[in-house]
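Asks: Here the structure of chain A is known, so what remains is to put chain B in place on it, guided by the hints.
The chain contents come next:
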Amino acid sequence: MNLFNEFKKGLWERNPILVLSLGMCPALAVTTSISNALWMTLATTFVLMGSNILVSLIKGFIPSHVRIPVYITIVATYVTIVELSLHAFQPAVYKALGIFIPLIVVNCMILGRAEEFASKNGVRASAADALGMGLGFGLTLTVLAFFRELLGANTIFGYTFIQGMEPSSAMILAPGAFITLGLMLWGMNVINSRKKG
Amino acid sequence: MVKNIIKPALVLAAVAFCSSLLLSFVRGVTYPLILQQESDKEQSALMLVLPGFEISEPLVVELENGENFKYWTGEKFINGEAVQGYAFISVNRGYSGDIRSMVGVDENNIVLGISIVQQSETPGLGDRVNERSTSETIWGVILGRSYGGEKITDPWFQDQFKGIDLNKKIKIVKHGTWISDMREDLLRENAVTSITGATITTKAITGSLKEGLIKLRKAKMVTEGGDK
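So the protein sequences, as listed, match chains A and B. The working numbering numbers the first residue of the first sequence as 1 and each following residue consecutively. The working numbering numbers the first residue of the second sequence as 198 and each following residue consecutively.
One or more hints might be untrue.
To be verified - Listed next, the in silico SDA-like pairs over lysine to any residue satisfying Cα-Cα at most 25 Å (straight line):
1. B:Lys200 with A:Ile68
2. A:Lys95 with B:Pro229
3. B:Lys400 with A:Leu173
4. B:Lys204 with A:His65
5. B:Lys204 with A:Arg67
6. B:Lys368 with B:Lys407
7. B:Lys371 with A:Gly164
These aren't lab readings, by the way, just hints derived from the structure by calculation. All of these numbers come straight from a predicted model, not from anything done at the bench.
So here's chain A without its partners, still in its complex pose (with noise of 0.2 Å):
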């Protein structure tokens, strides 16, 4: 088994979002800044590992049938130990990431690497698997989340861009992720077919 390819897959050819269409809603929920994509980048990757890691070193003892009850249990169970912890050790982080971490639960990435990877692979191949994902999902989240911060609120880390330009809040809206989402899956396809032709 070559780790190396397992962690470098997530990153375009079975990119997370633009690929498997995996973890849509915070990719356009969240991505309103830069800052806030890679905050969520950081607690998806973090969750995404432990889940990979602990489903694929108790895959023999599951029953097939109950497995995806048992992941979901993983997976809740994973997100809210970290959500108590960061409240009471780390307040600053727990209000910049607020929102962020129950919604990381709703993360089907998560819940599709359990069930497609690591219910059927090795420890480490499951570890180098979930940090190539959560590599992935972070560049594209933060692609997506640039645009959308640079037109919609003219700011970049929360700095303005251009002074005086009016930013357009169609950008932060729902309509401007979509929009901003599609060119991106435009990009990659053109990029994909030359590489073919």
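Replies: Just chain B now, kept in the frame of chain A:
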């Protein structure tokens, strides 16, 4: 058949048991710390909305509708004269979930400051109530040059409530992001500028201030009546 049902059921029960055990343990450890954080947050919000006041212990009063209303009284000396200030927490439903804000008012119901303690508004829209504004540009930061932009450390949305008269109607105008130059014009009209795309959030907060003030009046009547 029996094996097919019993084994999965047992596994599921075991997983649920382990997870509950783990979570109750984690909660046991974190709960006192979380309570501590919450009370710290309340204290720092109090300092913010009643700046420079000597703040007493909170009073809890039961209103006619059975609701418990908590408020703080503060005292400050301005030119040798004692001035009273009051702080309370007002709650209103925003776009998603409750918005709780700590509000400080003086004797004439002029807002001394508000601080939003809890909200779960849409990221990028309603949650800009906590946005700290800066007119510093990204180029200025990269090049290490400042174009005389001002750095505002208090969230602008909350800052603009200072000086609003709660006896009058609070107007909501759409002037975009607030800058300190706007203060005078807005205060003349007793207005606040709303967050672009989040008028519901803005209305929820202005509405909650009015409601909170009415409750404060009733609560004061109850306590002062009790004193006599």
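Asks: Look at each hint and say if it fits the structure.
Replies: A quick look at each hint next to the structure:
1. Straight-line distance between C-alpha atoms of Lys200 (chain B) and Ile68 (chain A) comes to about 19 Å, which keeps the hinted pair within the 25 Å bound.
2. The straight-line distance between the Cα atoms of Lys95 (chain A) and Pro229 (chain B) is roughly 18 Å, inside the 25 Å bound, and the hint therefore holds.
3. Taken as a hint, the Lys400 (chain B) and Leu173 (chain A) pair is honoured in the structure, with Cα atoms around 19 Å apart against an allowance of 25 Å.
4. Taken as a hint, the Lys204 (chain B) and His65 (chain A) pair is honoured in the structure, with Cα atoms around 11 Å apart against an allowance of 25 Å.
5. With a CA separation close to 12 Å, the supplied pair Lys204 (chain B) and Arg67 (chain A) stays within the 25 Å bound.
6. Between Lys368 (chain B) and Lys407 (chain B) the alpha-carbon distance is near 12 Å, which keeps this suggested pair within the 25 Å criterion.
7. Straight-line distance between C-alpha atoms of Lys371 (chain B) and Gly164 (chain A) comes to about 16 Å, which keeps the hinted pair within the 25 Å bound.
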